[in-house]
Amino acid sequence: MISFQEFKNKLLEPGLVDRIVVSNKSVAMVYVWSSPQSKSQSQNNDAMVTTNDVPGRHTPGRYKYYFNIGSVDSFEEKLEEAQEALQIDPHDYVPVTYVAEVNWFQEVMRFAPTAFLVGLIYLMGKRMQSGFNIGDGPGKGSRGIFNIGKAQVTKLDKNSKNKNPKKYEELGAKIPKGALLVGPPGTGKTLLAKATAGESGVPFLSISGSDFMEMFVGVGPSRVRNLFQEARQCAPSIIFIDEIDAIGRARGRGGFSGSNDERESTLNQLLVEMDGFGTTAGVVVLAGTNRPDILDKPY
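For the sequence shown, our numbering assigns the number 995 to the initial residue and increments by one for each residue that follows.
FYI, nobody ran anything at the bench for these hints, they're computed from the structure.
Do not take every clue at face value.
Derived DSBU-like pairs (lysine-lysine); straight-line CA-CA distance at most 30 Å [stated by the list, open to error]:
| no. | residue 1 | residue 2 |
| --- | --- | --- |
| 1 | K1002 | K1019 |
| 2 | K1002 | K1058 |
| 3 | K1058 | K1004 |
These numbers were taken from a predicted model, which means no experiment stands behind them.
Work out the full structure, taking the sequences as your base and the hints as a guide.
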């Protein structure tokens, strides 16, 4: 990068300038000759000036220097005055062309914050819509939990009931829709749910009750619908809701609006999915809590 004064003294005056290309009305790119084209050379071909007198040899017509012009009008005025001062014939004035170039890096950086924000909103939406984990069971069995000396634990055939419920329904049995695991913190409610998934060998979906509660209205019921829809698609399956007291509290308490209404809407949607029409789809719901006294009566 050079200044206009350096351009005038080192390039324009010795006759090295082939042409000037102004990019985006802000930067002047100077194309130079390999040898000077002075006024004396153009008139009578004597007084040849070699490139040894000028710093650096240059390829003919090749872009080598650039400088900022400020404004187009000011640049044209200074260039014309400089050429008049050097007594250059108007027919031999340095040609100036204007081009508009796209700087792709600047364009990408210009839209990068918007793209990042859109991607962040999309990921937040996906997170709010799902919020649950799905798997084939953590692999823990009841033997790893109830291994207490020679004690024997009597178990129902959960495997067969979960995988083949129709066989029992034909015999008149009623498959339970779920079970409530009650106990103080640290007594193994979550561990028992993992063992059930490991024993049954069916898809296991887990979520915390607090994951249903968000600041956005309608997110909780939407997550409940998505959870049961996913469970029905991979039925027979097991859903485990930990800390269900976050959404399963008795309705009508407190009298506050806002988050309380959202919690009750989530609870209503959960009851509809568990006990409404079209719920016989091989989905068993397990829920854990340490405060059964505050749960709604349907539980």
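Against the structure, the hints come out as follows:
1. K1002 / K1019: holds (19 Å)
2. K1002 / K1058: holds (15 Å)
3. K1058 / K1004: Satisfied, since the Cα-Cα distance of roughly 13 Å is no more than 30 Å.
Checked against the numbered hints listed earlier, the structure breaks none of them; every hint is satisfied.
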